[in-house]
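S.K.: What follows is each chain in one-letter form.
There are 2 protein chains.
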Amino acid sequence: MHYRLALIGFGGVARALVEILRNKGNELPQKDGLELSVVAVSDLRLGMAEDPDGLDLAALVDLPNEPGALAAFSGGRAEPDNEAVIKRSTADIVVEATFTNPETGEPALSHCRWALESGKHLVTSNKGPVALAAAELTKKAEAKGLAFSYEGTVMSGTPVIRTAEQCLAGCHIAGFRGILNGTANFVLGQVETGMSFDDAIALAQSRGYAEADPTADIGGSDVLMKVLILARALFDQAVEASAVPCQGITGLSEAEVRAAKAEGHRWKLLGQGSVAPDGHVALEVAPIMLPDSDPLASIEGPTNALTLDTDLLGPVTVSGPGAGRIETGFALLADILAIHAQSQPPRYRQ
Amino acid sequence: MHYRLALIGFGGVARALVEILRNKGNELPQKDGLELSVVAVSDLRLGMAEDPDGLDLAALVDLPNEPGALAAFSGGRAEPDNEAVIKRSTADIVVEATFTNPETGEPALSHCRWALESGKHLVTSNKGPVALAAAELTKKAEAKGLAFSYEGTVMSGTPVIRTAEQCLAGCHIAGFRGILNGTANFVLGQVETGMSFDDAIALAQSRGYAEADPTADIGGSDVLMKVLILARALFDQAVEASAVPCQGITGLSEAEVRAAKAEGHRWKLLGQGSVAPDGHVALEVAPIMLPDSDPLASIEGPTNALTLDTDLLGPVTVSGPGAGRIETGFALLADILAIHAQSQPPRYRQ
Numbered sequence: 023m024h025y026r027l028a029l030i031g032f033g034g035v036a037r038a039l040v041e042i043l044r045n046k047g048n049e050l051p052q053k054d055g056l057e058l059s060v061v062a063v064s065d066l067r068l069g070m071a072e073d074p075d076g077l078d079l080a081a082l083v084d085l086p087n088e089p090g091a092l093a094a095f096s097g098g099r100a101e102p103d104n105e106a107v108i109k110r111s112t113a114d115i116v117v118e119a120t121f122t123n124p125e126t127g128e129p130a131l132s133h134c135r136w137a138l139e140s141g142k143h144l145v146t147s148n149k150g151p152v153a154l155a156a157a158e159l160t161k162k163a164e165a166k167g168l169a170f171s172y173e174g175t176v177m178s179g180t181p182v183i184r185t186a187e188q189c190l191a192g193c194h195i196a197g198f199r200g201i202l203n204g205t206a207n208f209v210l211g212q213v214e215t216g217m218s219f220d221d222a223i224a225l226a227q228s229r230g231y232a233e234a235d236p237t238a239d240i241g242g243s244d245v246l247m248k249v250l251i252l253a254r255a256l257f258d259q260a261v262e263a264s265a266v267p268c269q270g271i272t273g274l275s276e277a278e279v280r281a282a283k284a285e286g287h288r289w290k291l292l293g294q295g296s297v298a299p300d301g302h303v304a305l306e307v308a309p310i311m312l313p314d315s316d317p318l319a320s321i322e323g324p325t326n327a328l329t330l331d332t333d334l335l336g337p338v339t340v341s342g343p344g345a346g347r348i349e350t351g352f353a354l355l356a357d358i359l360a361i362h363a364q365s366q367p368p369r370y371r372q
Numbered sequence: 023m024h025y026r027l028a029l030i031g032f033g034g035v036a037r038a039l040v041e042i043l044r045n046k047g048n049e050l051p052q053k054d055g056l057e058l059s060v061v062a063v064s065d066l067r068l069g070m071a072e073d074p075d076g077l078d079l080a081a082l083v084d085l086p087n088e089p090g091a092l093a094a095f096s097g098g099r100a101e102p103d104n105e106a107v108i109k110r111s112t113a114d115i116v117v118e119a120t121f122t123n124p125e126t127g128e129p130a131l132s133h134c135r136w137a138l139e140s141g142k143h144l145v146t147s148n149k150g151p152v153a154l155a156a157a158e159l160t161k162k163a164e165a166k167g168l169a170f171s172y173e174g175t176v177m178s179g180t181p182v183i184r185t186a187e188q189c190l191a192g193c194h195i196a197g198f199r200g201i202l203n204g205t206a207n208f209v210l211g212q213v214e215t216g217m218s219f220d221d222a223i224a225l226a227q228s229r230g231y232a233e234a235d236p237t238a239d240i241g242g243s244d245v246l247m248k249v250l251i252l253a254r255a256l257f258d259q260a261v262e263a264s265a266v267p268c269q270g271i272t273g274l275s276e277a278e279v280r281a282a283k284a285e286g287h288r289w290k291l292l293g294q295g296s297v298a299p300d301g302h303v304a305l306e307v308a309p310i311m312l313p314d315s316d317p318l319a320s321i322e323g324p325t326n327a328l329t330l331d332t333d334l335l336g337p338v339t340v341s342g343p344g345a346g347r348i349e350t351g352f353a354l355l356a357d358i359l360a361i362h363a364q365s366q367p368p369r370y371r372q
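The listed protein sequences correspond, in order, to chains V and Y.
Per the numbering used here: the first sequence = residues 23 to 372.
Per the numbering used here: the second sequence = residues 23 to 372.
Just chain V, with the same shape it has in the complex:
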């Protein structure tokens, strides 16, 4: 099976996907008769390039990060045209990985709508459109028999949505709680060992965990988006951001973080949610003091973890990286491979 990809946004994550495709070119197809090519790339800064026969992956990986760089491709242009690429390209799958305004979800939300309206599968690592408009996009996808997948929006490449939907199918998931922001978790760990909040944030930035503006990481709004996405994926419910109590770690003092640690407790920034038997969903983002014996207490540094409360198994926890270029690029690949797996005749793998 041959899938043609259109990449909308060609920052670190989309580049990582191309890098993985180039490096694993000989492995992926062998497995399942799968063939993947990139037929279009459009990026605000870099311009656009299209080739129905597939762009050269090595050339894309090595593309200089300079304005208009895609113009160097045969038929490439220095000016992007996301709308035209999404609507008119020969792609089967649109990979949406732009930057997004978290208030409006734009421009990613329009990209997502155009992709599904023009009959293309949609995979995205972009939290905005999923947190804000998953219900609408899911409906659009279902109406046309298309995929709308977003595994990478919660814990990057660490699988949580697919774990719940596929591996735990048959269980009822009544709640979740997780460490969903690696920067906040890293900072709390550093403060425990004696560093100031400001120095810990600076260290997180120097290691590439924290954004230049760490407000969303530290203030809880990044976790809030993820909690909204999980409410959608696990409970099939759309919740407004304004309905969710949201506190970051800025209200904690260094002294109380250290005192807790000394007494066998850990302060963690948690995203939590539960669904009552009547369907009522309660979500929250808040720092919580956990006893050392809690499985989430030992999650260190930028690692993320999510505990799912299930009826038949009790708590099941998945932990792994929660961010990263290659890690999130893999999440996009995982979404693409899942489309392929569902299009195949049964092979009765696990």
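Calculated from the structure, these hints are not laboratory results.
Note that the structure is predicted; figures quoted are calculated from it, not measured.
Among the hints, erroneous ones may be present.
The list treats identical chains as interchangeable, and a pair is accepted whether it falls inside one copy or across any two copies.
[As the list claims (entries may be wrong)] Here are the simulated EDC-like cross-link-like pairs (lysine to aspartate or glutamate), alpha carbons at most 20 Å apart as the crow flies: (1) K166 x D54; (2) K283 x D314; (3) K46 x E57; (4) K46 x D331; (5) K161 x E139.
Dock chain Y against the given chain V, drawing on the hints supplied.
M.R.: This is chain Y only, laid out in the frame that chain V set:
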């Protein structure tokens, strides 16, 4: 889609599967057009019963645990006939959940062969046939386009094989290490807090974690079987049990377990494996002293956990229950639902 099940062995796990089917009767079919019925049960002690229209699930759940009890069903008999039930029943799926001799895999191994040879999907929670003969059974299943699934053999209902094969498809898994025996883990935890090994084992037995004969739990041979199964599932390699160094926790002293804990370390019984680029697989079962910061160090009581070493994500860890009647019954259901999911037209869920 309607699947007819034949249950071979009707101990706690198979009963739990029936209990889940009865309790979730109204939930599972709604989801996906799935219908499940139990058309045959055969058990060494309880006898056998067959009904192509489906046996009464509530009556099966309430079946007295007395020799020959299945004779009370219309057409039931006090004497089992596993071979006839497997070969001649109208079942689509054979659920193998008997007790097994770990040396020979029998009688479960014969049950497994008969199921596949007679064209029926096979799901099992039985470690023996998988650890000893997965290569042969996989080949038989593939040749006939049948499922051979065994998620419950490693960590009961906590998904690990399916996590690796489905959620992490596209990653290379180069190694694993895990806490794969809840009894041994519980015992070590109790010894850390001052109990003797003997008292801790007795407590594990009284709580239902340990078998009447705890030798396999404490001596490492239970973990050894799981490590062989993981080598098969993750590395596609058949390894002989005799080729795997295997040590249980009986060589540890109470003093050294407590001394390690006091110094910020934990003794854990680990099953480990890795595959080299040339395909060479190394497996081991041994008690290992972990620093407190290791994600496996904080796995408490009867909980199990498995860390997968991946090329694109680094370590990804799944933890949850590693045993239990309902938990393992769910694993069988998960295997059945996976057969169904693969037989469906694409729905492009995650």
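S.K.: Should K161 paired with E139 be assigned to within, between, both, or neither, using CA atoms and 20 Å as the limit?
M.R.: Answer is within; shortest intra-copy Cα gap is 11 Å, inter-copy 44 Å.
S.K.: Can you give me the call for K46 and E57, within, between, both or neither, at a CA distance of at most 20 Å?
M.R.: within (11 Å within a copy, 40 Å between copies)
S.K.: Given identical chains, is K166 near D54, meaning Cα to Cα at most 20 Å, within a copy, between copies, both, or neither?
M.R.: For K166 and D54, only the inter-copy Cα distance (18 Å) is at most 20 Å; the intra-copy one is 25 Å.
S.K.: At most 20 Å between CA atoms: does that hold for K283 and D314 within a copy, between copies, both, or neither?
M.R.: both (9 Å within a copy, 14 Å between copies)
S.K.: Within, between, both or neither: how does the pair K46, D331 come out at a Cα-Cα threshold of 20 Å?
M.R.: between (36 Å within a copy, 17 Å between copies)
Hint compliance for this structure: no hint is broken.
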